[in-house]
Amino acid sequence: GIQVEQSPPDLILQEGANSTLRCNFSDSVNNLQWFHQNPWGQLINLFYIPSGTKQNGRLSATTVATERYSLLYISSSQTTDSGVYFCAVERVGGQNFVFGPGTRLSVLP
Amino acid sequence: DGGITQSPKYLFRKEGQNVTLSCEQNLNHDAMYWYRQDPGQGLRLIYYSQIVNDFQKGDIAEGYSVSREKKESFPLTVTSAQKNPTAFYLCASSIGTSLDEQFFGPGTRLTVL
Numbered sequence: 041g042i043q044v045e046q047s048p049p050d051l052i053l054q055e056g057a058n059s060t061l062r063c064n065f066s067d068s069v070n071n072l073q074w075f076h077q078n079p080w081g082q083l084i085n086l087f088y089i090p091s092g093t094k095q096n097g098r099l100s101a102t103t104v105a106t107e108r109y110s111l112l113y114i115s116s117s118q119t120t121d122s123g124v125y126f127c128a129v130e131r132v133g134g135q136n137f138v139f140g141p142g143t144r145l146s147v148l149p
Numbered sequence: 061d062g063g064i065t066q067s068p069k070y071l072f073r074k075e076g077q078n079v080t081l082s083c084e085q086n087l088n089h090d091a092m093y094w095y096r097q098d099p100g101q102g103l104r105l106i107y108y109s110q111i112v113n114d115f116q117k118g119d120i121a122e123g124y125s126v127s128r129e130k131k132e133s134f135p136l137t138v139t140s141a142q143k144n145p146t147a148f149y150l151c152a153s154s155i156g157t158s159l160d161e162q163f164f165g166p167g168t169r170l171t172v173l
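Chain order of the listed sequences is A and B. Last residue of the first sequence: 149 (the working numbering), numbering continuous. Last residue of the second sequence: 173 (the working numbering), numbering continuous.
Some clues are possibly wrong.
Unchecked claim - Pair ranges (Cβ atoms, derived): (1) B:G76 / A:L148: 42 to 50 Å; (2) A:S115 / B:G123: 17 to 25 Å; (3) B:G76 / A:Y88: 28 to 36 Å; (4) A:W80 / B:R104: 15 to 23 Å; (5) B:Q77 / A:N58: 48 to 56 Å; (6) A:G92 / B:D90: 21 to 29 Å; (7) B:D119 / A:S116: 18 to 26 Å; (8) B:R104 / A:N70: 19 to 27 Å; (9) B:T146 / A:Q95: 38 to 46 Å; (10) A:N58 / B:K130: 41 to 49 Å.
As the list claims (entries may be wrong) - Some chain A residues flagged as far from chain B (calculated, every beta-carbon gap over 10 Å): (11) S47; (12) N58; (13) S59; (14) Q82; (15) R108; (16) L111; (17) S115; (18) F126; (19) S146; (20) L148.
These are calculated hints, taken from the structure and not from any lab test. The structure displayed is predicted, hence computed values, not measured ones. For glycine and all other residues, C-beta sits at the position ideal for the given N, C-alpha and C.
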């Protein structure tokens, strides 16, 4: 099956810093999502981005499907950005998502 | 409000007992999914259903069962055959076609004593 890797596994930032999270996948995909899991376990949709670039406030994401990776940018980080960030992909011809292991982000005040 | 609800939020059960987790959605989505998350890990797919009265095994279906009698509901039963059932269980739904977003419920934390 398709392999999904995320880096870094852990990231500690000072409030106000910028960061880039990466998601690599081993096969062609027709669907990719980024999620933020808050401390209560709720998964919050950030981006649905099988290709191209999107922005939403301080967050933006870019997927380069031909090179099999996606990037999530967080600018001017806030303590409320803390949590685990997951990417999930659906390979071409697949019927379900496969999740990466996540990046745990801690933003310190 | 449209959304996905899961109940209960916390569930405690004795070893050897079957337990059923509820998942309901009022988004009119065709597809529904169950995932398991262990501490510090990503999500793994247990079962999914793309249409009423049909469902497919995911990567870790052993010890679990599901039903899909109504479009809105996709309950998950954790049976006594599941060797290590303590985990966080998340339900999701999507419109159902390919190229579609998944939306998640708040989850159920199951602890087997």
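Here is what the structure says about each hint:
1. B:G76 / A:L148: 42 to 50 Å: 45 Å, holds
2. A:S115 / B:G123: 17 to 25 Å: For S115 (chain A) and G123 (chain B) the Cβ distance comes to about 44 Å; the hint is violated.
3. B:G76 / A:Y88: 28 to 36 Å: Because 41 Å falls outside the window, the suggested range is violated.
4. A:W80 / B:R104: 15 to 23 Å: 20 Å, holds
5. B:Q77 / A:N58: 48 to 56 Å: Since Q77 (chain B) and N58 (chain A) have Cβ atoms about 49 Å apart, the given range 48 to 56 Å holds.
6. A:G92 / B:D90: 21 to 29 Å: 26 Å, holds
7. B:D119 / A:S116: 18 to 26 Å: 38 Å, violated
8. B:R104 / A:N70: 19 to 27 Å: About 21 Å separates the Cβ atoms of R104 (chain B) and N70 (chain A), which means 19 to 27 Å holds.
9. B:T146 / A:Q95: 38 to 46 Å: 40 Å, holds
10. A:N58 / B:K130: 41 to 49 Å: Distance hint for N58 (chain A), K130 (chain B) holds at roughly 46 Å.
11. S47: 14 Å, holds
12. N58: About 25 Å separates N58 (chain A) from the closest Cβ of chain B, which puts it past 10 Å; holds.
13. S59: 19 Å, holds
14. Q82: The claim breaks: Q82 (chain A) does not keep its Cβ more than 10 Å from every Cβ of chain B (closest is about 5 Å).
15. R108: 18 Å, holds
16. L111: The claim holds: L111 (chain A) sits with its nearest Cβ about 18 Å from chain B, beyond 10 Å.
17. S115: The assertion about S115 (chain A) holds, with a minimum of 24 Å to chain B.
18. F126: 6 Å, violated
19. S146: 14 Å, holds
20. L148: 20 Å, holds
Of the numbered hints listed earlier, those contradicted by the structure are 2, 3, 7, 14 and 18.
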